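Asker: Read off the chains here:
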Amino acid sequence: MIFLKRTLPLIITFITGMIMIVAFFSGEGLPSIKSLESTLPKWIQIIMTFTMVLGAFSLLRINLQKISRKADGWGYSLVLIIGFLSMAFLGFITGSWPMFDKPLTNGEIYYVLCEDNVSARPIRVIDNLKDKEGKIKVEYVDDKGEKLADTESAMIPPDTARTRNMSYANSMQQILFVGVFKNAQSTMFSLLAFFVASASFRAFRIKSKEAGLLMGSAFIVMLGNVSIGSLVSQILAYIPVIGPYLNIADIKEWIMTYPSSAAQSAILIGAMLGYISASMKIIFGVERSHLGGEG
Amino acid sequence: MNIFIKLKNLDRRWVFLFVALSVIIPLLFPFALPVVPTKAVANLHKFIENAEALPEGTRCFLSFDFDPASEPELKPSAVAILVHMFRRNLKPICGANWPVGGEMAEVALVEAANAYMSTYEDMKAQGKLAPGCKPIIERGVDYVNLGYKTGAIIHVKALCNDFMYPYPQDRDGNSTAEMAIFRNPDGRRFAMSDVGLIISFTAGTGGIETFISMAGEHKRPMAAGCTSVNIPRFTTYLQSGQLIGMTGGLPGAAEYETLIERPGKGCAGMTPQSIAHLVIMLFIIFGNLAYIAEQRNEAKKKG
Amino acid sequence: MSIFRRPPRSFVPILALILCALSMSFLMADQTVESTVTEHRQGEAALCCSDHGTTEELTAKPAAEAKPWFAKERKTVLIIIVLLLLFVSYFTFHAQRKELFIRRISGLSALEDAVGRATEMGRGVMYIPGIMDMDDIQTIAGVTIMGHVAKKTAEYDAAFYAPMTRSFVMSVAQEIVKQAYLEKGRLDAFRPDRINYLTDDQFGFVAGVGGIMMREKPAACFYLGTFYAESLILAETGNSVGAIQIAGTAEPSQIPFFVAACDYTLIGEELFAASAYLSKNPREVGSLKGQDMLKLVIIAVTVIGTLLVTISETEFGKGLTPLTESFMQYLK
Numbered sequence: 000m001i002f003l004k005r006t007l008p009l010i011i012t013f014i015t016g017m018i019m020i021v022a023f024f025s026g027e028g029l030p031s032i033k034s035l036e037s038t039l040p041k042w043i044q045i046i047m048t049f050t051m052v053l054g055a056f057s058l059l060r061i062n063l064q065k066i067s068r069k070a071d072g073w074g075y076s077l078v079l080i081i082g083f084l085s086m087a088f089l090g091f092i093t094g095s096w097p098m099f100d101k102p103l104t105n106g107e108i109y110y111v112l113c114e115d116n117v118s119a120r121p122i123r124v125i126d127n128l129k130d131k132e133g134k135i136k137v138e139y140v141d142d143k144g145e146k147l148a149d150t151e152s153a154m155i156p157p158d159t160a161r162t163r164n165m166s167y168a169n170s171m172q173q174i175l176f177v178g179v180f181k182n183a184q185s186t187m188f189s190l191l192a193f194f195v196a197s198a199s200f201r202a203f204r205i206k207s208k209e210a211g212l213l214m215g216s217a218f219i220v221m222l223g224n225v226s227i228g229s230l231v232s233q234i235l236a237y238i239p240v241i242g243p244y245l246n247i248a249d250i251k252e253w254i255m256t257y258p259s260s261a262a263q264s265a266i267l268i269g270a271m272l273g274y275i276s277a278s279m280k281i282i283f284g285v286e287r288s289h290l291g292g293e294g
Numbered sequence: 000m001n002i003f004i005k006l007k008n009l010d011r012r013w014v015f016l017f018v019a020l021s022v023i024i025p026l027l028f029p030f031a032l033p034v035v036p037t038k039a040v041a042n043l044h045k046f047i048e049n050a051e052a053l054p055e056g057t058r059c060f061l062s063f064d065f066d067p068a069s070e071p072e073l074k075p076s077a078v079a080i081l082v083h084m085f086r087r088n089l090k091p092i093c094g095a096n097w098p099v100g101g102e103m104a105e106v107a108l109v110e111a112a113n114a115y116m117s118t119y120e121d122m123k124a125q126g127k128l129a130p131g132c133k134p135i136i137e138r139g140v141d142y143v144n145l146g147y148k149t150g151a152i153i154h155v156k157a158l159c160n161d162f163m164y165p166y167p168q169d170r171d172g173n174s175t176a177e178m179a180i181f182r183n184p185d186g187r188r189f190a191m192s193d194v195g196l197i198i199s200f201t202a203g204t205g206g207i208e209t210f211i212s213m214a215g216e217h218k219r220p221m222a223a224g225c226t227s228v229n230i231p232r233f234t235t236y237l238q239s240g241q242l243i244g245m246t247g248g249l250p251g252a253a254e255y256e257t258l259i260e261r262p263g264k265g266c267a268g269m270t271p272q273s274i275a276h277l278v279i280m281l282f283i284i285f286g287n288l289a290y291i292a293e294q295r296n297e298a299k300k301k302g
Numbered sequence: 000m001s002i003f004r005r006p007p008r009s010f011v012p013i014l015a016l017i018l019c020a021l022s023m024s025f026l027m028a029d030q031t032v033e034s035t036v037t038e039h040r041q042g043e044a045a046l047c048c049s050d051h052g053t054t055e056e057l058t059a060k061p062a063a064e065a066k067p068w069f070a071k072e073r074k075t076v077l078i079i080i081v082l083l084l085l086f087v088s089y090f091t092f093h094a095q096r097k098e099l100f101i102r103r104i105s106g107l108s109a110l111e112d113a114v115g116r117a118t119e120m121g122r123g124v125m126y127i128p129g130i131m132d133m134d135d136i137q138t139i140a141g142v143t144i145m146g147h148v149a150k151k152t153a154e155y156d157a158a159f160y161a162p163m164t165r166s167f168v169m170s171v172a173q174e175i176v177k178q179a180y181l182e183k184g185r186l187d188a189f190r191p192d193r194i195n196y197l198t199d200d201q202f203g204f205v206a207g208v209g210g211i212m213m214r215e216k217p218a219a220c221f222y223l224g225t226f227y228a229e230s231l232i233l234a235e236t237g238n239s240v241g242a243i244q245i246a247g248t249a250e251p252s253q254i255p256f257f258v259a260a261c262d263y264t265l266i267g268e269e270l271f272a273a274s275a276y277l278s279k280n281p282r283e284v285g286s287l288k289g290q291d292m293l294k295l296v297i298i299a300v301t302v303i304g305t306l307l308v309t310i311s312e313t314e315f316g317k318g319l320t321p322l323t324e325s326f327m328q329y330l331k
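Chains as they are written, first to last, in numbering that gives the first Met the number 0: chain A, 0 to 294; chain B, 0 to 302; chain C, 0 to 331.
If we strip away everything but chain A, and leave its shape as in the complex, we get (with noise of 0.2 Å):
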C-alpha cells in the first residue's frame, strides 16, 4: 500500500519530470522528443476532465445529504441543486442536438438564435440541398408561417436550424447564462470597488515613513490614472519654478514604470526562483508532503 501511495507517485513524477525536462532543451534534431513538449501537456488536459465528474459527484452528494438531512442552510443547498439540474441539463439538451440531427425537410418552419443570443426566430425551409459553402436556402416567416414582408431569402447553415422544442432550450440557456450567470460574475466582480474602499480606509495608516512614501505613491497614481488628475496638474502648473514639473499622469508614469515595475519584476524573479527549486524538490523527491505523511 506504501507502494501504491507513495513510492510510485514519486517514481512517475521523477521520470515525467525528467523527460518534459529533455524535451524542452531538445533541439530541432530530437523530433520525437521534443513532440513529447506539447504531447504531454495535452495528456494533462484530458485527465483533468476526468476529475470535473469526481468534483460534480461530491457537490451533489453534500448538498442532497445536507437536504435529506434538513441540516441548517438546507434551503441554498436546495437553491444549489436546482441550478445545478437546470444548467446541466439544458446544456446538455442543446449540446447534444447534433446528435439526433435530422435532414432539414422543405417547407418546414424551424427556428434559427437571433443576434441577441436569447430570442429565435422562425424560418421555412426552401431548398435543403447545401450549396459550396455548405449553407441551405431558406425565408423569414412570422409565427404563423407567413413569409414576411419586405425580406428575401437567406442563406444559412444547417446546424443553426432547431425545432420549435430545441429552440426554447437554446434560449432557456441563454438567459440563464446571460441574465444570471454573466450578470452573477459581474456583481461578485464589482464587490471590489466596496472592499477596496473599505480596505484602504482601514488599513492605510501612516506608521512610518516608508508608509508615508507608500501614501503619497498611491495619491498620485490614483489621481493621474482618472481625469481629474489633469485638472489638478493644470491647478498645480501655477506654482513658480516647479509647477511646469507637477504634471501627475506624468509622474504616475514615471512610478509605474520605473518602481512599481523594478519591485513587481524582483518580486517575480523571486517567485520564479522558488517555481523552480520547489518543483526540482517535487521531480527529485526531496518534497512529498503533498502526498500525505512525513515529508
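By construction, these hints were calculated from the structure, which means they are not laboratory data.
Watch out, some of these pointers could steer you wrong.
Unchecked claim - Listed next, with one range per pair, are the computed distances between beta-carbon atoms:
id, chain 1, residue 1, chain 2, residue 2, range
1, A, LEU84, B, GLU51, 38 to 46 Å
2, C, ARG190, A, ALA55, 49 to 57 Å
3, B, LYS38, A, ILE10, 52 to 60 Å
4, B, PRO134, A, LEU245, 42 to 50 Å
5, A, ILE45, B, LYS38, 43 to 51 Å
6, C, ILE298, A, LEU84, 53 to 61 Å
7, C, VAL258, A, LEU245, 40 to 48 Å
8, B, GLN125, A, LEU84, 49 to 57 Å
9, C, ALA299, B, GLN125, 52 to 60 Å
10, C, ILE298, A, ARG68, 54 to 62 Å
11, B, GLN125, A, LEU147, 36 to 44 Å
12, A, ILE238, C, GLU111, 33 to 41 Å
13, B, ALA214, A, LEU84, 29 to 37 Å
14, B, LEU16, A, PHE56, 40 to 48 Å
Small disclaimer: the values here were computed from a predicted structure and weren't measured.
For every residue, glycine included, the Cβ atom is placed at its ideal position computed from N, Cα and C.
Fit chains B and C to the known structure of chain A by using the hints.
Answerer: Just chains B and C now, with coordinates in the frame of chain A:
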C-alpha cells in the same frame, strides 16, 4: 479630535454607501472631464494609424481572453480598437483563449461594426476613413469571429504552425476555407506571417503572455488591453519592447476613444471613476487623521 | 525513498565540474560541427563548383543535415538550472551536517497562534489553497502547508473547513488532512464533508466561500496559493467576521490586496519556503539556501549589467560598448 476618533470605528457600510453614491450621482448627472492619452495608448494608436506598418487590408488577430467579470473594463477598449481598425480598412480576426471569450468577441464585434456603419457617412465627409473603406462591412469578408479554442499556449503554438488548422469553422459554424478574409492574393494558405498585429485583451492568465512566450515563433508585433490591476505587470513588457502599446483598464479605453474621437463607455466611466477615487482618498485621509488623533490622545494620557 | 543517496563529500565539486564541462561542450559542439561542415563544403565548392553547381547550392545543404539536438536559444535557462541544482545539492548535503539559519517569517510563526486563537474562541479554521489546479506549484505549496495546519487543528480539536475550487485538489487535500489527523490519533475528528468542492468558477467560488464564512464564522482564515481578483473579496469577508488572516501568494498583482487586508502576508517565495520553515527538514532548508545563493548570482549579474549599460551610455564609456553588447546578447 473626538470626531476623528469616532471616524476610526466607522461602520464600513457608510464607506460602501459613499462609494456607491460617488458612482451613481455622476452617472445620473454626467459631466465631461478632460482625458489626456498616455504614451502606451498613443503608441498603439500610432501603430494602427501607420499605413506603412499596417497597409489597408491587413489582417489583425485579436484574442479576447476575458470573462463577463472583466467585460466592463476591457470591452470598451476592444470596441474602440475595432472601430479604429474598421476605419483604417484593416480586417480583424477574433479568437479567444478563455471559454467565454468567443461571446465577448461577438458582442464587441457587433457593437463596433454597427458603430462604424452608422458613422460611415460623417467620417467619410470629414476625410477620416482610409480610401478603401466600404459603407457596409460583412462577416467573413471584413471581419470574423473564430471563437474559443482550448489549450492556451498549445493553441497559440498550433496557430504559429498552421493558422487554419485549429479553425476549420468559425464560431457560427461557417467554413473558414471559403472565407474571403483568409484569401491571399498569391493563393497561399493563410498563415501567422500574414497577421499584421496581435492584440490580446487579457484579464489574467492565458492571454498576451502566452503570445509573448511564443514571440520567437510568430515574430508578429503585439499589443495588449489589460485590466487596471495588471498594468504594472505588463508595463515591463512595454519597457522591453515586446509590446508596442497597451490600453490599461477603463482609463486606457477612454484615452483610445479620445484619440479616435468617438467617446464611448470608457469616457463615460471616467467621471464616476474620478469621483470614486477622490472619495477613497478622502476616506484614507480621514482614517489617518483618526489615527493621529488617537496617538495624540494616548500620548497625553501617558504624559 | 529519495532519488539522491548520500555521496562522498568530494563528489559534489567533481560533479559540478563534470556538469559544467558537459554543458559547455554541448553548447559549443553544435556550433563547431556546423561551422566545420560548412567550411568543408565551402572548400569543396571552391575546388569543384563548376562541375557540381554554385557555391550557394552546395553550402545550403549542411543546414538540412546538421539539425541540432539542443535548443540553443534556451542555453541560458539550462545554465541557471544547472547552477541551481549545484547550489541546492551542495547546501542540502551541508545542511545535514550543520543547522542552517532561516530568518523569521512572521506569517508562518503566527500559524500556531492563529489555530490556538480559533480553539479558544470555539470557532473553526478555514483554509483555501488557491483557486488553481494541482499542476500549479503554488497549489502544491498551499496543500503542503495545509497538512501542517491540519495537524494543529487535529491537536487542538478545532473545526477545519477547506472549500476547494478544483475537484482534483479536493481529493489530494482530503488525503493530506486525513493523514494529518491519523498521525495525531484523531481520525474520529476528521470530517471529509468540510473539505469539499464548490465550483470551478472564480466568482461562484468566492460567493460560496463568503457564505460559508458568514455562517460558520471561522476565527482563523488561511489563504495560501494562487489567487486572482477574488483575493480582496475573501480577505474583506474574513475581516468582517473577525478572523485573523494569514495569506500568501506569488501573484504580484494580488499581494498588495492581501497586505492591505490581512494580518500576515507571505510574499512570493516565502510561500515556497514555508514547507522548509515549518518542517525544519535539513534537506528542504538546504535547498532554500541554495535558492538564495542563486538569487545572489542573479543580483550580481543585474548589478554588473546595469553598470555596464549605464557606463557605456556615457562619453567615456564608449569603449565598453562591445563588452556590454556581448553581455546582453549572452543573457538573451
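Asker: In this structure, is the beta-carbon distance linking ALA214(B) and LEU84(A) contained in 29 to 37 Å?
Answerer: violated (45 Å)
Asker: Quick check: does the Cβ-Cβ distance between ILE45(A) and LYS38(B) fall within 43 to 51 Å?
Answerer: At 45 Å between Cβs, range holds.
Asker: Should the hint that ALA299(C) and GLN125(B) are 52 to 60 Å apart at their CB atoms be regarded as holding?
Answerer: holds (58 Å)
Asker: Against the range 49 to 57 Å, how does the distance between the Cβ atoms of ARG190(C) and ALA55(A) compare: consistent or not?
Answerer: Since the Cβ atoms of ARG190(C) and ALA55(A) sit about 21 Å apart, the hinted range of 49 to 57 Å is violated.
Asker: So does PRO134(B) sit 42 to 50 Å from LEU245(A), Cβ to Cβ?
Answerer: Roughly 48 Å apart at Cβ, these two residues keep to the hinted range, so it holds.
Asker: Take the C-beta atom of ILE298(C) and the C-beta atom of LEU84(A), compute their distance, and say whether it sits inside 53 to 61 Å.
Answerer: holds (56 Å)
Asker: In this structure, is the beta-carbon distance linking GLN125(B) and LEU84(A) contained in 49 to 57 Å?
Answerer: For LEU84(A) against GLN125(B), whose Cβ atoms are near 56 Å apart, the range 49 to 57 Å holds.
Asker: Can the suggested window of 38 to 46 Å be confirmed for the beta-carbon pair LEU84(A) and GLU51(B)?
Answerer: Once the Cβ atoms are compared, 58 Å apart, the range 38 to 46 Å for GLU51(B) and LEU84(A) is violated.
Asker: Please check whether VAL258(C) and LEU245(A) have a Cβ separation lying inside 40 to 48 Å.
Answerer: Given about 29 Å between the Cβ atoms, the range is violated.
Asker: That 36 to 44 Å hint for GLN125(B) and LEU147(A) (C-beta), does it hold up?
Answerer: Cβ of GLN125(B) to Cβ of LEU147(A): about 37 Å, so the range 36 to 44 Å holds.
Asker: Do the beta carbons of ILE298(C) and ARG68(A) sit within 54 to 62 Å of each other?
Answerer: holds (59 Å)
Asker: Is the gap between the beta carbons of LYS38(B) and ILE10(A) within 52 to 60 Å?
Answerer: holds (54 Å)
In the structure shown, a violation is registered for the earlier hints numbered 1, 2, 7, 12, 13, in ascending order.
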